[in-house]
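With the sequences and hints as input, model every part of the structure.
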Amino acid sequence: MSMLLPLLMSVAFGAEADDRIQRAQLERVRAQVAGEVQLTAYDLLDELVLGWKTDPVFAEETAVVLADVTVPVGMGTGMQSLLENHLSEVLLRNPDTKMRLVHCPSCMATVVHSGPEGTVVSRGVDQPGVLEELGETDGKHALFIDIEAEGAWLVARARLTRLTPDLPIVWSRTLSTATSTPSLLRAADDLKSAEDARREYLQTLRGGGIVTIPLRFTIRSYASGFNSFGVGAPPFLWLQSGVELAPTDARAWMSSFIVGYAVVPQAYQGLMGQARFYRLLSGRARSLTRPDLYAFVGGSVMTVWGPSAGSFRNQALTADELLADSERNDPRATFPTIHFGADVRLGNRVGLSGFYETIPSLTNSQNLGEYIWFLGLPWQSFGVEVAFCF
Amino acid sequence: MMAFPQFVSGIFSIVFPSFGAPGVFRTKAQARSVICTRLEQRQAAQQHPDRIEPPPPRGEYFTRNLEVCTERLVRAGLREARDEAVLMSLEDTARDIARATRGVRPDLAHRTFQVEAHYPSGAVAGKIRFATQNALMSAGASVSDKRPLLTAEDVVVLSQLSPDAAYAGACERYARSGGMGDQDALVAVIVRDPRQTDLQAGVCADGRWMWVR
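So the sequence lines, in the order shown, correspond to chains A and V. Just so you know, the working numbering puts the end of the first sequence at 390, numbered straight through with nothing missing. Just so you know, the working numbering puts the end of the second sequence at 1213, numbered straight through with nothing missing.
A couple of the hints might just be wrong.
[What the hints assert, rightly or not] Residues on chain V that point at chain A, a partial pick, calculated with CB under 8 Å:
(1) Q1030
(2) R1032
(3) S1033
(4) I1035
(5) R1038
(6) E1060
(7) R1072
(8) L1073
(9) D1083
(10) E1091
(11) V1124
(12) G1126
(13) A1131
(14) K1146
(15) W1209
[Unchecked claim] Below are the SDA-like pairs computed for lysine to any residue, each with C-alpha atoms no more than 20 Å apart in a straight line:
(16) V:K1028 / A:G151
(17) A:K192 / A:Q38
(18) V:K1028 / A:A152
(19) V:K1028 / V:C1069
(20) A:K98 / A:H113
(21) A:K53 / A:S114
Calculated from the structure, these hints are not laboratory results. Note that CB positions come from ideal geometry on N, CA and C, so glycine has one too.
Written as structure tokens, this is what we have:
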């Protein structure tokens, strides 16, 4: 018996801990869902207010009590407050809706009314006695909003009730939107219809040409040759800039024309010109929210000089050549290159890319090896770039 | 006898079913977590221009159908199963009730409707009432936010009757106690059985109760 008691207690405590964990997990899921739903709910409220702007319910400015905002069953009061605040903000910024938000403590307070038919405990808006005092004198109306998740659809219902004892509903509307639809994120003081917002979105996707100015920092490393007598080239640091052109705002295709300069004192200097063509791989149009992946291919012409430029020759460097280079003028090499690679762009502002490059005139060089063998060519150089676009 | 290509196609569709259906590599829970709609390519391209290309102007050699699947907004298990079932089709149900009310009692067209919802959860009852009010307004009816009241004694008596007798009795009491006037009508949306997920509705006018759904 003495052994059984601790065992039962531990089982009981274990079950309690499981409950706590499950409750915590449920709350986390609720918060996540509410976060996803919130922007879509904002969209529906914006659409409601836009409707009141374009087709006002009232001819003159009218006092409206925001009587009740209910959120999808299972989501908390935090979301309710967010929606109330958003609706209030949008209404305040759009006075042409002819609705003036007013506070009505007696409408929202819990009122106890006792009469011959019984005792009723309810909110003020549900009490005819309270409404008689309000509606007839002030002409107030109550606005009720309900947001509910129905399958994959978020549905907003709204109604306006005149606060008189008969409580007639003077206006109602039901709107819905699929949750897969991206939120329009309309500005509160510049509401647009869904059609206009869609037109702008498509214009952004397919609109006119775009020019950006990239600034790239590049490191090219060169593979060492197999010949033990060969002297490999050191990594080359390049600073590049030029123009990047896209035929449309979708930026599915792009091209860039760049010039670059490299310098490491006592080692090398260099100049280059480069052309590159990009193709978007991660969709049909650049994403406004996610990183974009591009593949690119291009060519360049480089000229490099300085003690380290001696490696860009087909023959292995000898000790005599090294001595001769140091006594006479620094060696200079000019050569074309072809490269291909991939580029990840973040918001079309920051890019990170990697590429392989081959120097066709130095495919038999004993000073340079290759990282990969592809399309019958040795790709002797591997480079990484960080780009900032302006 | 099943032709070989049909047989292969059948096997293939079982092993690799379309996105909304469970299969060898997709559990029932995963399939139930999405709602899928079959769309033509042109329609899908209009709805998702950034993801789906429109069909070429000269057509293609095959017809391409697309299934657009959307994750359910509220995941399974987050709400009571019955609440989820009722809320899933609330808009359709509300429209159906409004249509049935107008169809079964066309003589009430000029009355002002009040709406009540009887459902175990107060939050869901409020949503059912809201949806029904809006559906009646959309159908062209005049609707009031008022609710008829019963006295405490009436509630005690009515709660001891069977549902059919209770609603008819309540309707009679509304008329006699003056809770509803000559120009009023009441639409009550009800769940009669705890296991029921479809909503029933009745109309009360002039002390007479009638089921409409």
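Status of each hint after checking the structure:
Among the interface hints, the one on Q1030 (chain V) is violated; its C-beta lies about 15 Å from the nearest C-beta in chain A, farther than the 8 Å criterion. For the restraint placing R1032 (chain V) at the interface with chain A, the shortest Cβ-Cβ distance is roughly 11 Å, beyond the 8 Å limit, so the hint is violated. About 10 Å separates the beta-carbon of S1033 (chain V) from the nearest beta-carbon of chain A, more than 8 Å, and the hint is not met. Hint status for I1035 (chain V): holds, given a least beta-carbon distance of 4 Å to chain A, under 8 Å.
Because the closest C-beta pair between R1038 (chain V) and chain A is about 14 Å apart, greater than 8 Å, the hint is violated. Among the interface hints, the one on E1060 (chain V) is violated; its C-beta lies about 17 Å from the nearest C-beta in chain A, farther than the 8 Å criterion. For R1072 (chain V), the interface hint holds, since its Cβ comes within 8 Å of a Cβ in chain A; the closest pair sits about 6 Å apart. Given hint, L1073 (chain V) at the interface with chain A, holds; its Cβ is 4 Å from that chain's nearest Cβ, closer than 8 Å.
At its closest, the beta carbon of D1083 (chain V) sits 6 Å from a beta carbon of chain A; the interface hint therefore holds under the 8 Å criterion. Checking E1091 (chain V) against chain A: minimum C-beta separation of about 6 Å stays under 8 Å; hint holds. With its C-beta approaching chain A no nearer than about 6 Å, V1124 (chain V) sits inside the 8 Å limit, and its interface hint holds. The beta carbon of G1126 (chain V) comes within 6 Å of a beta carbon in chain A, closer than 8 Å, and the hint placing it at the interface holds.
The criterion of a C-beta within 8 Å of any C-beta in chain A is met by A1131 (chain V), whose closest approach is roughly 6 Å, and the hint holds. Against a cut-off of 8 Å between C-beta atoms, the interface hint on K1146 (chain V) holds, since the closest Cβ of chain A lies about 5 Å away. Contact between W1209 (chain V) and chain A, as hinted, is not supported at the beta carbon level, the nearest pair being about 21 Å apart and thus beyond 8 Å. Our distance criterion of 20 Å between C-alpha atoms is met by K1028 (chain V) and G151 (chain A), whose separation comes to about 17 Å.
Taken as a hint, the K192 (chain A) and Q38 (chain A) pair is honoured in the structure, with Cα atoms around 19 Å apart against an allowance of 20 Å. Taken as a hint, the K1028 (chain V) and A152 (chain A) pair is honoured in the structure, with Cα atoms around 18 Å apart against an allowance of 20 Å. For a cut-off of 20 Å, the pair hint linking K1028 (chain V) to C1069 (chain V) stands: about 15 Å separates their Cα positions. For the suggested pair K98 (chain A) and H113 (chain A), the alpha carbons sit about 34 Å apart, so the restraint of at most 20 Å is broken.
Only pairs whose Cα atoms come within 20 Å are accepted, and K53 (chain A) paired with S114 (chain A) is rejected, the gap being roughly 42 Å.
Hint compliance for this structure: hints 1, 2, 3, 5, 6, 15, 20 and 21 are not met, and every other hint is.
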